[in-house]
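Read top to bottom, the protein sequences are chains U and L.
Just so we're on the same page, the numbering used here is the position in the first sequence counted from 1, plus 3.
Just so we're on the same page, the numbering used here is the position in the second sequence counted from 1, plus 524.
Since the hints were made in silico from the structure, they are not lab data.
One or more hints might be untrue.
What the hints assert, rightly or not - Computed, partial: chain L to chain U, Cβ under 10 angstroms:
(1) G581
(2) V682
(3) L683
(4) L691
(5) E701
(6) R704
(7) L706
Claimed, not checked - Listed below are the simulated DMTMM-like cross-link pairs for lysine to aspartate or glutamate, each with C-alpha atoms no more than 25 angstroms apart in a straight line:
(8) U:K57 - U:D183
(9) U:K156 - U:E224
(10) U:K156 - U:D11
(11) U:K156 - U:E231
(12) U:K57 - L:E701
(13) U:K156 - L:E701
(14) U:K158 - U:E31
(15) U:K59 - L:E653
(16) U:K59 - U:E99
(17) U:K189 - U:E120
(18) U:K158 - L:E701
(19) U:K57 - U:E94
As the list claims (entries may be wrong) - To be clear about the criterion: a stretch of chain U counts as covered by chain L if any three or more of its residues have a C-beta under 8 angstroms from a C-beta of chain L, and this derived list gives those stretches:
(20) 98 to 111
(21) 180 to 186
Fair warning: this is a prediction, and the values are worked out from it, not measured in the lab.
Note that beta-carbon positions come from the ideal geometry of N, C-alpha and C, so glycine has one too.
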Amino acid sequence: MAVLEIDDISVAYGAVQALSGVSFQAEESQVTAVLGANGAGKTTLLRAISGLVKCKGSVRYDGRRIDNLSVERIVRQGIAHVPEGRSVIEEMTVEENLRLGALWRFGRRDRAAVIEEMFELFPPLAERRRQHANTLSGGERQMLSIARALVAKPKVLLLDEPSLGLAPIVTARLMAVLRDLTTTSKLIVVLVEQNARSALSIAGHAVVINLGRVVVSDRAETVAGDAELRHHYLGY
Amino acid sequence: MQFFVNITLGGIATGMIVASVALGLVLIFRATNVVNFAQGAMAMLSTYIAYAILHHGLGYWLTLLLALIIAMIFGAVTQRVLIRPIQGRSPLNAIIVTFGFLIFLEGLAGAIWGATNRSYPAPFAESGEQLGSFHIAFSPFNLYGVVAVLLLMGVMLVLFRGTNLGLRMRAVAFAPEAARLLGVRVQPLLTLGWSLAAAAGVLAAVLVVPNSDLTPTFMDVILIYGFTAAVVGGLDSPVGALVGGLLTGLSLAWVGGYLGGSLEPMAALALVIVSLMIRPEGIFARPAARRV
Numbered sequence: 004m005a006v007l008e009i010d011d012i013s014v015a016y017g018a019v020q021a022l023s024g025v026s027f028q029a030e031e032s033q034v035t036a037v038l039g040a041n042g043a044g045k046t047t048l049l050r051a052i053s054g055l056v057k058c059k060g061s062v063r064y065d066g067r068r069i070d071n072l073s074v075e076r077i078v079r080q081g082i083a084h085v086p087e088g089r090s091v092i093e094e095m096t097v098e099e100n101l102r103l104g105a106l107w108r109f110g111r112r113d114r115a116a117v118i119e120e121m122f123e124l125f126p127p128l129a130e131r132r133r134q135h136a137n138t139l140s141g142g143e144r145q146m147l148s149i150a151r152a153l154v155a156k157p158k159v160l161l162l163d164e165p166s167l168g169l170a171p172i173v174t175a176r177l178m179a180v181l182r183d184l185t186t187t188s189k190l191i192v193v194l195v196e197q198n199a200r201s202a203l204s205i206a207g208h209a210v211v212i213n214l215g216r217v218v219v220s221d222r223a224e225t226v227a228g229d230a231e232l233r234h235h236y237l238g239y
Numbered sequence: 525m526q527f528f529v530n531i532t533l534g535g536i537a538t539g540m541i542v543a544s545v546a547l548g549l550v551l552i553f554r555a556t557n558v559v560n561f562a563q564g565a566m567a568m569l570s571t572y573i574a575y576a577i578l579h580h581g582l583g584y585w586l587t588l589l590l591a592l593i594i595a596m597i598f599g600a601v602t603q604r605v606l607i608r609p610i611q612g613r614s615p616l617n618a619i620i621v622t623f624g625f626l627i628f629l630e631g632l633a634g635a636i637w638g639a640t641n642r643s644y645p646a647p648f649a650e651s652g653e654q655l656g657s658f659h660i661a662f663s664p665f666n667l668y669g670v671v672a673v674l675l676l677m678g679v680m681l682v683l684f685r686g687t688n689l690g691l692r693m694r695a696v697a698f699a700p701e702a703a704r705l706l707g708v709r710v711q712p713l714l715t716l717g718w719s720l721a722a723a724a725g726v727l728a729a730v731l732v733v734p735n736s737d738l739t740p741t742f743m744d745v746i747l748i749y750g751f752t753a754a755v756v757g758g759l760d761s762p763v764g765a766l767v768g769g770l771l772t773g774l775s776l777a778w779v780g781g782y783l784g785g786s787l788e789p790m791a792a793l794a795l796v797i798v799s800l801m802i803r804p805e806g807i808f809a810r811p812a813a814r815r816v
C-alpha cells in the first residue's frame, strides 16, 4: 500500500520559522485532515510537499524521495495540489482548464474521455464547458480546480481550504464527492481546512498543527472526541 | 480627399510594422514580465546577418526565411543566457540588462559592419498606382508589409488558440504557478516566447529597412513607436499590439501629413499621455493587478 511520508520537515521564510519538524503519514483510500488556526503553517506544508517552497527534511511517496524534485516532476509522480483560492485560469474556458490538467498525462483520445468523466462527476461544469472560467461562481470554480487536478488521475490529492467562502450546502456536497472518490480511486487525500468540523466528518486521520509544529496526529474520531483539544485548537 | 486617403493608407502600412514590433514586446512581457529594450537592436543584428546572406547570392525569400530562423535562435539564446539568471529579481535588473544589451548590440554591429549606410532591397515596387486622376500612394511593397504582418499574427493566433503548445504558453503567461502545478514545464515555453518575439522583430525590421537604410541604429525610432503601441494596447495583449500599432501608425501619418513630419514623434508621445490618462492599463489589458 502506497503512503505519503512526511518526515521532519521544516520551512523558514527568512527569519520566520513557518514549519518546525513536522512528521506524519497519509495513507491510501483515506482523507488525512490537517487542521489548525490561521498562520499555523498548513498552506506552507502543502507547498513544501508539492515543491513550491524549499524545505528541510524529507517527503517520500511510495518509498521514493520527492522533496528534491522540481514542481513539474513532483506533479508527474501523480501528486496533485489544488491551491487555496480556486486558482482556475480565468482567461481560459472550463474545458481548456481541464485539458491543460490532462495534457502531460494522456493522449488525445484518452484526454477527451477523462474530461467527460469530470463533467459526469461535476455536472454544473458540463453546462459551462465553453464559458470562460471568470464567469463561474465560487462553488463552480472550486469544482473546476479540483476537477482540473483529478483529470490527470493523481494518486495523491493535496487540497488547500476547498470550503473557503462556500455555502454550507455546497461544502457538504463537495465533501461527499471527496469521500467517495478517496475510496473508489484509492486516493491519498491531504485536506487542509479551517472548517475542522466538516473536514473531520470525512477524514480517517487528523493532524493538528499550531505555530508550525504538530500538536496531535491521531485517528479523526479521537481528535473529534477530544473536547479540550477541539476547544483549544479547532475553535468549536 | 486624395491626400487624406493616401496618408491614411500610409498610416496603416506603418501601423502594421509598428504592430509587429509591439507584438514582440508583448510576447516577451507576457511570458517573462520583462520589457525588452533590446527588441529593436536584436532585430537590427539579425537584419545585418540577413544582409550578409543576401550578398552571398541567396534570394530575398530564402534570406527572409533564414533571417526568421536566425532571429528565433538569437531570441532563445538571449533568454537562456541573459534573462534566465535575472528571472524573479527586481524589474530594474531586467531594464538595465536589456538596455545594456541594446547598446552592446549597436556597438557590435558598428564594429563589424561600420557606420556606413547600406541598402537592403524590397521585393516589390515601392511606388504607388495611378488610377485615372487618382494617385494611390499605397505601393505593392506596402501591401506586402500588411499581408506579412497579418500572416505572422494569424500563425500566432492559430498557435495560441488552436494547439496544445499554445494552451501551455497561455497558461504560463496568465498563471505560472498554476501551470507548474499542472505539470507544465515553464522554462522551455519562456524560451519559445522570446523566439517568437524575435521573429516578429526581424519581420518588422526587413519591412522598415528598404525605406531607411541599414545602420546600427535604424530600429531605434520604430522601437519607440512599438513601445507606444504596446502601452496603448496593453502590454500583455497581442490583440492590443495590433490595435495599438494601427492607432500609432494612423496618428503618426495624420499628424505628419497635416502638421508636418517633424511633429511625428510628438504625436506618439501625445498618444501615450492621452491613453495613460484615460486607460492607464492599456485598451486590451487584463483588469487584474500584476505583482511587480
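Do the hints match the structure? See the list:
1. Checking G581 of chain L against chain U by beta carbon gives a least distance of about 45 angstroms; that is not within 10 angstroms, so the hint is violated.
2. Because the smallest distance between the Cβ of V682 of chain L and any Cβ of chain U comes to about 15 angstroms, over 10 angstroms, the interface hint for this residue is violated.
3. Interface restraint check for L683 of chain L: the shortest CB-CB distance to chain U comes to about 15 angstroms, outside 10 angstroms, so the restraint is violated.
4. Interface restraint check: L691 of chain L against chain U, minimum CB-CB distance 6 angstroms, threshold 10 angstroms, status holds.
5. For E701 of chain L, the suggested interface contact is upheld, since its CB lies about 7 angstroms from the closest CB of chain U, less than 10 angstroms.
6. The interface hint given for R704 of chain L is met, as the beta carbon of that residue sits about 4 angstroms from the closest beta carbon of chain U, less than 10 angstroms.
7. With a cut of 10 angstroms, the hint placing L706 of chain L at the interface with chain U holds, because the nearest CB-to-CB distance is about 5 angstroms.
8. For the hint pairing K57 of chain U with D183 of chain U, the CA-to-CA distance comes to about 33 angstroms; that exceeds 25 angstroms, so the pair is violated.
9. A distance of roughly 29 angstroms separates the Cα atoms of K156 of chain U and E224 of chain U; the hinted pair therefore is violated under the 25 angstroms criterion.
10. In summary, the hint linking K156 of chain U to D11 of chain U is not supported, as the alpha carbons are separated by about 28 angstroms, beyond the 25 angstroms threshold.
11. Note on K156 of chain U and E231 of chain U: the hinted pairing is violated, with a Cα-Cα distance of about 39 angstroms set against a maximum of 25 angstroms.
12. A C-alpha spacing of about 15 angstroms is found between K57 of chain U and E701 of chain L, which places the hinted pair at or below 25 angstroms, so the restraint holds.
13. With a CA separation close to 20 angstroms, the supplied pair K156 of chain U and E701 of chain L stays within the 25 angstroms bound.
14. A C-alpha spacing of about 8 angstroms is found between K158 of chain U and E31 of chain U, which places the hinted pair at or below 25 angstroms, so the restraint holds.
15. The suggested pairing of K59 of chain U with E653 of chain L is violated, with an alpha-carbon distance near 73 angstroms, which exceeds 25 angstroms.
16. The hinted pair formed by K59 of chain U and E99 of chain U fails the criterion: a straight-line CA distance of about 36 angstroms is larger than 25 angstroms.
17. With a CA separation close to 17 angstroms, the supplied pair K189 of chain U and E120 of chain U stays within the 25 angstroms bound.
18. Restraint check for K158 of chain U and E701 of chain L: the C-alpha separation of about 21 angstroms stays at or below 25 angstroms, so the hint holds.
19. Restraint check: the Cα-Cα separation between K57 of chain U and E94 of chain U comes to about 30 angstroms, which exceeds 25 angstroms; the hinted pair is violated.
20. Chain L is given as covering the stretch 98 to 111 of chain U, and this holds because 7 residues of the stretch bring a CB closer than 8 angstroms to a CB of that chain, at least three being needed.
21. Check on the stretch 180 to 186 of chain U: 0 of its residues sit with their Cβ under 8 angstroms from a Cβ of chain L, so the three-residue criterion for coverage is violated.
The structure shown violates the earlier hints numbered 1, 2, 3, 8, 9, 10, 11, 15, 16, 19 and 21.
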